[in-house]
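Produce the entire structure from the sequences given, and follow the hints as far as they go.
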Amino acid sequence: MKKNLRNLPVHVVLVVVGALMAVPLLYAVLSGFKTTDELSRNPVGLPEKWVTSNYTDILGSSSFWQMVGSSTFIAIVTAVAVVGVSALAAFSFARFAFRGREALFTLFTMGLMFPFAVVALPLFLLLRSLDLLDNPLGVILPQAAFGIPVTIVILRGFFREIPAELEEAATLDGCGPLGFFWRVLLPMARPALGTVSVLAVVGSWNNFLLPLLVFTDPSWWTIPIGVQQFQGQYSAEYARVFAYLVLAMVPALVFYSVAERQLVGGLAAGATKG
Amino acid sequence: MTSTFVKDDRSAGAGTPSPAPEKARARRKWGHWFTAFAFQVPALVLFGVLVLLPMLFAVYASFFRWGGFGWPSEAIGFDNYTRLLKDDVFLGDLWRGGLLIGLSVGLQLPFALALAVALNQKLRGRAVYRMLFFAPYILSEAITGILFGMLFAPDDGFADQVLSNIGLGGLGGKWFSDTSTVLATLFLVMMWKYFGFHMMLYLAGLQSIPAELKEAALIDGAGPWERFRHITLPLLAPTLKISVFLSVIGAIQLFDLVWVTTSGGPDHHSETMAVTLFQYGFKRYQVGYASAISVAMFVISLVFALVYQRYVLRRDLEGATTTMRGGGS
Numbered sequence: 003m004k005k006n007l008r009n010l011p012v013h014v015v016l017v018v019v020g021a022l023m024a025v026p027l028l029y030a031v032l033s034g035f036k037t038t039d040e041l042s043r044n045p046v047g048l049p050e051k052w053v054t055s056n057y058t059d060i061l062g063s064s065s066f067w068q069m070v071g072s073s074t075f076i077a078i079v080t081a082v083a084v085v086g087v088s089a090l091a092a093f094s095f096a097r098f099a100f101r102g103r104e105a106l107f108t109l110f111t112m113g114l115m116f117p118f119a120v121v122a123l124p125l126f127l128l129l130r131s132l133d134l135l136d137n138p139l140g141v142i143l144p145q146a147a148f149g150i151p152v153t154i155v156i157l158r159g160f161f162r163e164i165p166a167e168l169e170e171a172a173t174l175d176g177c178g179p180l181g182f183f184w185r186v187l188l189p190m191a192r193p194a195l196g197t198v199s200v201l202a203v204v205g206s207w208n209n210f211l212l213p214l215l216v217f218t219d220p221s222w223w224t225i226p227i228g229v230q231q232f233q234g235q236y237s238a239e240y241a242r243v244f245a246y247l248v249l250a251m252v253p254a255l256v257f258y259s260v261a262e263r264q265l266v267g268g269l270a271a272g273a274t275k276g
Numbered sequence: 225m226t227s228t229f230v231k232d233d234r235s236a237g238a239g240t241p242s243p244a245p246e247k248a249r250a251r252r253k254w255g256h257w258f259t260a261f262a263f264q265v266p267a268l269v270l271f272g273v274l275v276l277l278p279m280l281f282a283v284y285a286s287f288f289r290w291g292g293f294g295w296p297s298e299a300i301g302f303d304n305y306t307r308l309l310k311d312d313v314f315l316g317d318l319w320r321g322g323l324l325i326g327l328s329v330g331l332q333l334p335f336a337l338a339l340a341v342a343l344n345q346k347l348r349g350r351a352v353y354r355m356l357f358f359a360p361y362i363l364s365e366a367i368t369g370i371l372f373g374m375l376f377a378p379d380d381g382f383a384d385q386v387l388s389n390i391g392l393g394g395l396g397g398k399w400f401s402d403t404s405t406v407l408a409t410l411f412l413v414m415m416w417k418y419f420g421f422h423m424m425l426y427l428a429g430l431q432s433i434p435a436e437l438k439e440a441a442l443i444d445g446a447g448p449w450e451r452f453r454h455i456t457l458p459l460l461a462p463t464l465k466i467s468v469f470l471s472v473i474g475a476i477q478l479f480d481l482v483w484v485t486t487s488g489g490p491d492h493h494s495e496t497m498a499v500t501l502f503q504y505g506f507k508r509y510q511v512g513y514a515s516a517i518s519v520a521m522f523v524i525s526l527v528f529a530l531v532y533q534r535y536v537l538r539r540d541l542e543g544a545t546t547t548m549r550g551g552g553s
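These protein sequences, in sequence, are chains G and F.
Heads up: the first sequence is residues 3 to 276, going by the working numbering.
Heads up: the second sequence is residues 225 to 553, going by the working numbering.
Since the hints were derived computationally from the structure, they do not count as laboratory data.
All residues carry an ideal CB built from backbone N, CA and C; glycine is no exception.
Each hint should be verified, as a subset may be incorrect.
Here's a subset of chain F near chain G, in silico, CB distances under 8 Å, partners left out [claimed, not checked]:
1. P266
2. F287
3. N344
4. L356
5. S518
6. S525
7. Y532
And the structure:
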């Protein structure tokens, strides 16, 4: 009882901050149930009449689902690509001694400091000359390339912690490096692989600049691009745009609630180690 | 690409030597250079072609006057760079970037720390708060930006409506569309979106602090503030340093949020380096000059990262407790 009272100020602060965090989201959800007309008369309260057409219209449009599909496809292929190539490289960094290892590793870690915007321009020109504009590979490959540094850094840490005895036992059983990597290391590192995959998926899902540059053809637009275009197109119809925003947020939030542990665990492991 | 938020000290930057026994062990096994290197090839090709090559090309193009078509041919030496130093927009970018960094480190991070400390105790609803505070971090910058663009729309936006409903209409403003308030509004949105991320980092750090230390301090009669000052803060120092690092790099790279809310306006008052780069490169076809901005941005990030790693992060390699020597008094 006494403890509860002492915690009262803390609770007050948390409730206030929580409200400030939640209000923009709740407001968007509620506004989606209003008509734009009502939104200007009654911006704050509950809808006078719950209009569902804003939401159902969007859910009934093929372009919305096409964007969900496009975002999903690009995110998954990006994750597979970046985790695949980075796992191989991280294995070599963690388990081999070779000349130039540290120099090569430094080269990759320097990539952590490359703001994407810095290479946006030459990358665009390169993609254009490779004929990868309006091609999902034009987004997937650069995203994978930019995800390599962080993925290697995390995976190398995990790969190092797998005991050497296992490696010896595998070698005695006739495993080559590739066999050890495939049959022992990867299965054991499943949590780490989960973490980096989730990071790659979230990064890809939220990416804006690259798809904006690559896709002029709406058939490959991802959700962030679609939202921006929709808002430009219907800027006067606030209620519709709010409904669209809410629906665009749902997949990310659902994914987050499913993958929360992997994501937060990965961030924590990366930032508190060492 | 927002995925540069995880950092591993042991390996970052200047190539920290790995512990000797591990090296010996690795040497014993599969020591063929060719095998080891073969595993690197796919990553190296992808990274080389799509990250390093464009970067090198940006350096090259920055010495030309070039509109982005054909191959750059009109070499102008360092003219793009000297122009940069006289460009009010670019100099403004530096100033605004510095301001955003200052606000992030001075306001956002302490706020995140306070909430992390609050949520580190056993509290009713703790899990819900954690979810709620972290959720905005998951949302794309573009979606967040559009949402807040509408919330802060002048007059009929939510913020202004609420203020006028509670009789504070005079406090309402033009938010994103006024030169004097746009940066502050942008910072509010940044805070909403990112503080939860830093809070999560701190929570992870707080949970790794041994409970015995706090108990010992409690027995010695230390109050809450003293415990925070002499135990929590020093032991959390490595996490705090990483968080500051990520916050600064994030502010230097800020693009999406600005682009969808203001595109840098009004009158450049919310423009960041990345936005200026985009404006020149993709809107005005001054690709050579935009490349010079790219290079400047990269050099600023790199210099900051190297200096920070050299002077701030280095000590953490010795283990978290060593920071207590200097930080305890």
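*Holds or violated: is the Cβ of P266/F closer than 8 Å to a Cβ in chain G?*
Given a least distance of 4 Å, the restraint on P266/F holds.
*Have a go at the F287/F hint: is there a Cβ in chain G nearer than 8 Å to its own Cβ?*
With a closest approach of 13 Å, the F287/F hint is violated.
*Have a go at the S518/F hint: is there a Cβ in chain G nearer than 8 Å to its own Cβ?*
5 Å, holds
*Would the hint on Y532/F stand, with a C-beta cut-off of 8 Å toward chain G?*
Violated, because the Cβ-Cβ distance from Y532/F to chain G comes to roughly 10 Å (cut-off 8 Å).
_Just to be careful: measuring from the Cβ of N344/F to every Cβ in chain G, is the smallest value less than 8 Å?_
This hint is violated: N344/F lies away from chain G, its Cβ roughly 11 Å from the closest one there, beyond 8 Å.
_Can you verify the interface hint for S525/F: is its Cβ closer than 8 Å to any Cβ in chain G?_
Constraint on S525/F satisfied, holds at 5 Å.
*For the hint on L356/F, does the least C-beta distance to chain G fall short of 8 Å?*
5 Å, holds
Checked against the numbered hints listed earlier, the structure breaks hints 2, 3, 7; every other hint is satisfied.
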